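Colleague: First to last, the sequence lines map onto chains X, U and A. The first sequence begins at 162 in this note's numbering and counts up one residue at a time. The second sequence begins at 31 in this note's numbering and counts up one residue at a time. The third sequence begins at 8 in this note's numbering and counts up one residue at a time.
Derived by calculation from the structure, the hints in this document are not laboratory data. None of these values were measured; they are calculated from a predicted model. Every residue, glycine too, gets a C-beta built ideally from N, C-alpha and C. Treat the hints with care, as some may be off.
[What the hints assert, rightly or not] With the Cβ distance kept under 7 Å, some of the chain U side facing chain X (calculated, not the full set):
#, residue
1, Val135
2, Ala147
3, Phe149
4, Asp150
5, Gly151
6, Phe153
7, His241
8, Ala316
[Unchecked claim] So these bits of chain U aren't anywhere near chain A, every CB distance computed over 12 Å:
#, residue
9, Lys127
10, Ala267
11, Gln326
12, Pro347
13, Arg351
14, Ser437
15, Ala451
16, Pro516
[Claimed, not checked] Pulled a few chain U residues facing chain A out of the computed Cβ check, cut under 8 Å:
#, residue
17, Arg39
18, Tyr255
19, Asp269
20, Pro301
21, Asp331
22, Ile332
23, Thr335
24, Ser340
25, Leu342
26, Trp369
27, His427
28, Leu438
29, Phe539
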Amino acid sequence: MAELSESRAFTAPEPGEDWAALAARVLPGTPEGEAVEKLQSWNLHLFARHPRGQFLGSDVVFTAPPAA
Amino acid sequence: MDWIIRGGRIVDGSGLPAFEGDVALKDGKVARLGGRIEAEGAQVFDASGCIVAPGFIDPHTHFDVQLLWDGQARPALEHGVTTIVPGNCSLSLAPLKAGDRQRVVGMFQQIEEMPDAAFDGAFEWRWESFDGYLAALKESLSINVAPLVGHSVIRLWVMGAAATERAATAEELSAMQDLLAQCLEAGAVGLSTSFVDVDENLMPVPSRYAHFEELDALAAVLGRYGRMLQVVPEFYATDITLARVDQLAELSLRYGIPTTFSPLFDSAATPDNVPRVMARVAEQMARGAQVWPQVQTRPIDISFTFEVASLLFAGLPKWYRTMRMGAEEKIAALSDSEWVAQLLAEAEPGGNGARWAAVQVRGGVSDASLVGQTLGALAEARGSSPAQVMIDLSLEHNLQASFIAASLGHNDSDRVGALLADGNVHVGASDAGAHIQSFATYGDTGYLLGHFVRDRGALSLEAAIKKITADTARIWGLPGRGQLAPGFAGDVAIFDAAEIDRCAEEACFDMPEEGMRYVRASKGMVGVFVNGALSWSKASGYADAPVGQIATQLPGAASA
Amino acid sequence: MSETPFIEAAEIAPGHDGAAELVLFVRYPGAGRQTVTLDADAAEVLFEHTQTGDVRALHGVPWHHLKDVLQQRPGSGAAGGNS
Chain X
162 MAELSESRAF TAPEPGEDWA ALAARVLPGT PEGEAVEKLQ SWNLHLFARH
212 PRGQFLGSDV VFTAPPAA
Chain U
31 MDWIIRGGRI VDGSGLPAFE GDVALKDGKV ARLGGRIEAE GAQVFDASGC
81 IVAPGFIDPH THFDVQLLWD GQARPALEHG VTTIVPGNCS LSLAPLKAGD
131 RQRVVGMFQQ IEEMPDAAFD GAFEWRWESF DGYLAALKES LSINVAPLVG
181 HSVIRLWVMG AAATERAATA EELSAMQDLL AQCLEAGAVG LSTSFVDVDE
231 NLMPVPSRYA HFEELDALAA VLGRYGRMLQ VVPEFYATDI TLARVDQLAE
281 LSLRYGIPTT FSPLFDSAAT PDNVPRVMAR VAEQMARGAQ VWPQVQTRPI
331 DISFTFEVAS LLFAGLPKWY RTMRMGAEEK IAALSDSEWV AQLLAEAEPG
381 GNGARWAAVQ VRGGVSDASL VGQTLGALAE ARGSSPAQVM IDLSLEHNLQ
431 ASFIAASLGH NDSDRVGALL ADGNVHVGAS DAGAHIQSFA TYGDTGYLLG
481 HFVRDRGALS LEAAIKKITA DTARIWGLPG RGQLAPGFAG DVAIFDAAEI
531 DRCAEEACFD MPEEGMRYVR ASKGMVGVFV NGALSWSKAS GYADAPVGQI
581 ATQLPGAASA
Chain A
8 MSETPFIEAA EIAPGHDGAA ELVLFVRYPG AGRQTVTLDA DAAEVLFEHT
58 QTGDVRALHG VPWHHLKDVL QQRPGSGAAG GNS
């Protein structure tokens, strides 16, 4: 199978997860406040729709900033 | 033989070069083609000077409701479209419990802009199951239908109010899988889901509450039947679309299913969007995944009135400020010569009104002859300027005059033409039957064949026809359709290649209780056969021929 | 280069549903960029916040400012409208 080029990392929220829980899962070792802030800055699309800033099961949540 | 389509140039949908000859139809199917065919007693359709092609297949429509009172899906049929896929974007009218009907009607109204009359009394709602809905459709169906089942209604059936509250339990997942299997057995062409749509309260539709595990479980069922997964991705953000491509590829590879996402647009604001998405699609296709981006042929227009503040004016601070005023204050400002002078100076710097000259009057005016005229032409006739005419018409009609700025997006013919020609692009995304009170979603195939094939040479006629016939049938798994070959369905579009196009958009009052919608008539289409029956012709219009079939099944004999 | 993501540019673009949309280009440390698309209601709140109707005035707005404004606004759904 052909190799894929590198792409921006993302995850999907797990049932019941909020920002802090998701941050602990995808950015372990980073202080919670800092991790949540990073994730939110990378996922502004989740604030541009309703419900604002809350996860829906089908959401794409980026776990890295956009590539240069 | 029942029909001989005489003397046309046959483009059979395979992509091979066109050839001269007759096409004979018998018992709803193509019996023979090529050369001169004689058959005693057969009716003859004169196709001399015309292209004879397989009927077109539109893979992204919302005709779910309209089909219940208009089995011809007007005006799709007169554009040569003989097979449609309704049920896109997570919404279908079945399976649906009686108690949930109003909920789904609200979603349809939000998405399709269907008036209440389209549902109340326009048809008898006597089904809950998917096969019950298909039975109701088949009573007066004149076009072939390959219906998707909507993820939102499946979720609603199994979870009720919790469909918009939480993740599904294991038991609920299992029930959804069983329900989807029933729909596929009944004739559904696949499952549709949406990551962007909202209901009448502007809240997410049920499918958006589903976790990926749920989509995976449903895709597993699709895999048992080799059926399609259609999604609406966040088409306004490249990185998210790329993530969706990867998710679809994962499901496609895991379960061996075709997937499609729609729409994919080209935009001058984000010119790297299409190249990045197509590069990822190519990578995933090379791995064996089937992830088909649907690209519409027509450009995007923006319509607006002075009643509501359109972002079209956001680059003009004085205008935007004016537009955001209350109605009385706005009318006062637009009546103030000093204020208007400042507006004109901003909109037409140096007296140059070129930016507004091509904007057309769309409606909301007392003089119907103004509709369709450009502000430039009206300005010339009135000795005024385009922006001044726009202000005058708005004032004269209590801010109700409406305007349309045509071709503002997905409008670079070089870029869109190359995209449509890409082997990994699925031509579709017409949205026919939706947004009916905002713009016309009909005639995209005419625009493809007229603008991109004849006028621009972006694709050969054979390649373009293949894209909207055989390719579509193959991608969606529609047996016996999409080609002119012996044994295939007698779905035929006959048109003048020099004339084929779409007509101008017009307001039409043919909805139940004379509700308004925007439509486009066909241009250059001469005749359309569905399952061997002449269903529309330029000479006689629509025929009462309820010969439509469920296109996931092998073509059968026409019943009329 | 700012250490905080910020709105680098903003443009009006046609939306799929026939309405104009506001496309924000957010620049990140390390030079990555992504778009955030707003509908008319969200854009209006943002314009009110910047006390202007000019897209150029949005340039330089930091990401958390944008997030706060969006989170506080009442009303409608996401940009992009319905499918």
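Colleague: If a hint holds in the structure, say so; if it does not, say that too.
Modeller: Checked hints:
1. For valine 135 of chain U, the suggested interface contact is broken, since its CB lies about 21 Å from the closest CB of chain X, more than 7 Å.
2. Against a cut-off of 7 Å between C-beta atoms, the interface hint on alanine 147 of chain U is violated, since the closest Cβ of chain X lies about 29 Å away.
3. Because the beta carbon of phenylalanine 149 of chain U sits about 25 Å from the nearest beta carbon in chain X, more than 7 Å, this interface hint is broken.
4. Checking aspartate 150 of chain U against chain X by beta carbon gives a least distance of about 28 Å; that is not within 7 Å, so the hint is violated.
5. The beta carbon of glycine 151 of chain U comes no nearer than 33 Å to any beta carbon in chain X, farther than 7 Å, and the hint placing it at the interface is violated.
6. The interface hint given for phenylalanine 153 of chain U is violated, since its Cβ lies 32 Å from the closest Cβ of chain X, which is over the 7 Å cut-off.
7. Against a cut-off of 7 Å between C-beta atoms, the interface hint on histidine 241 of chain U holds, since the closest Cβ of chain X lies about 4 Å away.
8. Because the beta carbon of alanine 316 of chain U sits about 4 Å from the nearest beta carbon in chain X, less than 7 Å, this interface hint is met.
9. Listed as outside the interface, lysine 127 of chain U is consistent with that label: its C-beta sits roughly 24 Å from the nearest C-beta of chain A, beyond the 12 Å cut-off.
10. At the 12 Å boundary, the C-beta of alanine 267 of chain U falls inside the reach of chain A, the nearest C-beta of that chain being 6 Å off.
11. Taking the minimum C-beta to C-beta distance to chain A, about 9 Å, the non-interface status of glutamine 326 of chain U is violated against the 12 Å cut.
12. A beta-carbon of chain A is positioned within 12 Å of the beta-carbon of proline 347 of chain U; the least distance is around 4 Å.
13. Arginine 351 of chain U, annotated as away from the interface, has a beta carbon of chain A within 12 Å; the closest lies near 5 Å.
14. Some Cβ of chain A comes within 12 Å of the Cβ of serine 437 of chain U; the nearest lies about 9 Å off, and the non-interface call is violated.
15. Its beta-carbon lying about 22 Å from the closest one in chain A, alanine 451 of chain U satisfies the requirement of being farther than 12 Å from that chain.
16. For proline 516 of chain U, the non-interface assignment is confirmed: its Cβ lies about 39 Å from the closest Cβ of chain A, beyond the 12 Å cut-off.
17. Annotation: interface hint on arginine 39 of chain U violated; nearest CB of chain A at approximately 36 Å, more than 8 Å.
18. A distance limit of 8 Å between C-beta atoms decides the matter here; for tyrosine 255 of chain U the minimum to chain A is near 24 Å, and the interface restraint is violated.
19. The criterion of a C-beta within 8 Å of any C-beta in chain A is met by aspartate 269 of chain U, whose closest approach is roughly 6 Å, and the hint holds.
20. Restraint check, proline 301 of chain U versus chain A: the minimum CB separation of about 11 Å is more than 8 Å; hint violated.
21. Taking 8 Å as the C-beta contact cut-off toward chain A, the hint placing aspartate 331 of chain U at the interface holds, the least distance being around 6 Å.
22. Restraint check, isoleucine 332 of chain U versus chain A: the minimum CB separation of about 5 Å is within 8 Å; hint holds.
23. Evaluation of the threonine 335 of chain U hint against chain A yields a violated restraint, the C-beta minimum of about 12 Å exceeding 8 Å.
24. Against a cut-off of 8 Å between C-beta atoms, the interface hint on serine 340 of chain U holds, since the closest Cβ of chain A lies about 5 Å away.
25. The closest approach between the C-beta of leucine 342 of chain U and any C-beta of chain A is roughly 4 Å, which is under the 8 Å cut-off, so the hint is satisfied.
26. Against a cut-off of 8 Å between C-beta atoms, the interface hint on tryptophan 369 of chain U is violated, since the closest Cβ of chain A lies about 15 Å away.
27. For histidine 427 of chain U, the shortest C-beta to C-beta distance to chain A is roughly 20 Å, which exceeds 8 Å, and the interface hint is violated.
28. Residue-level restraint check for leucine 438 of chain U holds (minimum Cβ-Cβ distance to chain A is 4 Å; threshold 8 Å).
29. Hint on phenylalanine 539 of chain U is violated. Least Cβ distance to chain A is approximately 20 Å, over the 8 Å limit.
The structure fails to meet hints 1, 2, 3, 4, 5, 6, 10, 11, 12, 13, 14, 17, 18, 20, 23, 26, 27, 29 from the earlier list, while all remaining hints are met.
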